[in-house]
Amino acid sequence: MRKFKDLAARRMMLVLTFIPGFIVLLMLFGLFGKARPILAVKPIASLLFSSVWSPLKGQFGLWPFIMGTLWVTFVALILAAPVSLFTAVYLSEYAPRWIREFMKPIIDLLAGIPSVVYGVWGLLLIVPLVSKVLAPLFGVYSSGYSILAAGIVLAIMIFPTIIHVSIEVFASISYQVREASYSLGATKYETVRHVVLRKGAQGFLASVVLGLSRAFGETMAVLMVVGNIPKAPKSVFDGAATLPTLIANNYGEMMTIPQYDSALMLSALVLLLVVLFFNVLARFILTRVERRAE
Amino acid sequence: MNDFKPHISIRNLSVYYGMHQVLKDISVDIPDKKITAIIGPSGCGKTTLLKSMNRLLDPVEGARVSGNVFVDGEDIYDPAAEVISIRKKMGLLSQKPQVLPMSIYDNVAYGPRIHGLRDKKKLAGIVMHHLKEAGLWDEVKDRLSSPASGLSVGQQQRLCLARGLAVEPEIILGDEPTSALDPQSSQNVERRLIELKSDYTVIVVTHILRQTKRIADYIVFLYLGELIEHGPAAEIFANPKNPRTRAYLTGEIS
Amino acid sequence: MRLLPPRGTVARRKMKERFFMGLMRASMAVVIISLLLILGTIIWKGLPAMKLSMITQTPKGGYYLGKEGGILNAIMGSLYLASGATLLAVIFSLPVVLYINLYTKKNSKTATFVRFSLDVLWGIPSIVFGAFGFLVMVFFGLRASLLAGTITVALLEFPIMSRAMDEVVRLVPQDLLDASYSLGATRLETALKVVVRQCLPGILTAVLIAFGRGIGDAASVLFTAGFTDRIPTSLFQPAATLPLAIFFQLGTPYPEVQQRAYASAAVLTVLILAISLVSRALVKRLARHRIK
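Residue numbers (this note's numbering), protein chains in the order written: chain H, 5 to 298; chain L, 4 to 257; chain Z, 2 to 293.
Simulated from the structure, these hints should not be mistaken for laboratory data.
Don't be surprised by glycine CBs; every beta carbon is placed ideally from N, CA and C.
All the given hints hold, so there is nothing to weed out.
Derived CB-CB ranges, DEER-like:
| no. | chain 1 | residue 1 | chain 2 | residue 2 | range |
| --- | --- | --- | --- | --- | --- |
| 1 | L | 22 | Z | 37 | 34 to 42 Å |
| 2 | Z | 107 | H | 62 | 55 to 63 Å |
| 3 | H | 256 | Z | 235 | 22 to 30 Å |
| 4 | Z | 109 | H | 176 | 16 to 24 Å |
| 5 | L | 238 | Z | 24 | 54 to 62 Å |
| 6 | L | 27 | H | 176 | 29 to 37 Å |
| 7 | L | 171 | Z | 33 | 42 to 50 Å |
So that you can see chain H by itself, here it is in the shape it has in the complex:
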């Protein structure tokens, strides 16, 4: 009887195990299926690269949203990468145990705060910061609802991702090679710079790619501070829109205008493919780094 239970459980588990892969495929096919109608009517290039977004006139150019997504992600990365790198290096190489323990919950908390809460905070603090402090500093006018605001909020949201993965990467570097550098009379900083960072460069890059992928798909926080203007931005102080905000903002109308739902599903599909690509890339690099450390 016990053996039977074991066998039955094993069979069931095996089936369940293929569910993750199955879900990914299902998503890809499902979204593609729903996006087909519009792809049948318009060539993919015109959808991706056209700047005209007028659903009522049947114009579904996704270019402004692609640009918006790229701009916001780029700003977030520029802000997040250096801060995350320095923090990860400090925690991994310099900080005494109590500081490391102290920072763990802080980083976990930042990771756990919901997107909407980040959005509310962005509205309360960052939007006025941009419109009243940063824009005048550069001599431009901005309503505050801008790429920059979204980028700042996003940067804080991806700190935990980059920091956490980077710390793991640095920890996987053997102590002995650092010791070799110290034994030559190098300072800790020199050791970090020439040995740890060189060995950890690929892993760090992977962590940034993971952060990028997270930033790409972020919806609520960005939606609340980016301005939702369906035009490709010309400066970080402009309002804009991203693929996720496009989908979120317009799901209400999507069933009423022909082809609209198809266009939105296409955006979701594009988003999915891009994020999948980055994620797979990052994971690939990380497994290689892990294997070499063994």
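Add chains L and Z to chain H, keeping to what the hints say.
Chains L and Z alone, transformed into the frame defined by chain H:
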């Protein structure tokens, strides 16, 4: 004992890892320009003793050192002492060759560069000289800019030797430097160490008694963190005074 | 030989080190200050509008115009939805994680493939889960409801929970498993009686992390759970959720309602903080039984 001038004098050295005392009140003189072998069963503090000589225990969390280590009369554990200069005086050869993640050339040039040498001609000269000293020059002279990780293990260890010599130390520390190498490369490294002793003081931790017989001029025997016996190699092998030394040398304890 | 070096180079190298230490400390400060700013702003702005009625009443007529009521609809809706989703996710996560750790050989292709798929799923943005959930909903003829939302959020939570569980179950030493097998236990019995107990703190943490994610996510429930002023009494009714409640209240032109949005955000944040504290405390308590 008279041509064994002390280069390093260790006095009352005790090392603790947290609550656990690894080295117990060690006092010994390491002779100048000779090969000294630190021997003893595994886990009895040999490597810790070695690392305490160039303050490599400093970065280890929870390690505490008490006592003094005098190099040429100056205590390296003096609070005013400059650690990176101390370490420059000693080169380390680890058990598993630790090549830095850079080219062969850069590996050897790393030391001189961080200590301030920028002149390209001088650097090139140093790299060539020390690669020759380590017996690696002929094998790598055509591919100096290729990554060091592409070398065989034996070559890597010699690269580490060249790298350590490039900072012009006076003392070479070896932590079981041949145990990860094949017999041919081991022989190679041993030969180099013997050649080097005319200019450098060499201290080697080893658990291979035969190797000790081959290369050691002076022996320090540790057992469970205590210094049991020390003296010229010939005397120790011929006439060990302590029963535990005898037991170790005859293979009864390992 | 002198141990104390000439001033020049060493001093310069040490200064370099000190400069970069400064940059590192500044970065740490940025991270810490960000967290403090977020928590501080939300709670400070939310506190004025916090009344007991906020968490004990549902919105009465005209709530969104500034009149009476609270967000109990959203609180209950979120709790129902997240609990259901988390339960659903556990039912699938636990078997999968146990399978890839106990029933496969070392470095098996199946285990690698599954871990890879889980990593891929983990990285998919919640808006895509929302869009997909919407498709599934339409396909099965469901309306925006508690059920549709639960399924979508379960999909979202599944990779998060699996990954966190996998990280702990992976660490179970082979010796422990061998000890159990050598007593004649089947793999199932070992899995349920030894592994789960050994990893209980980690498994619970994984569940709580996923729950926290599920309760706070907006994009996945936007299309699928609908919104209502009532507390749902059946799976097929639409359900309000805290994140959407915050969002909608923020969107009105009435400052009193906007204030309530801040208060709602504070409620959600406090909820997340509580979950985090509880999971930490649980780990400490349950770690008693663990074998190191």
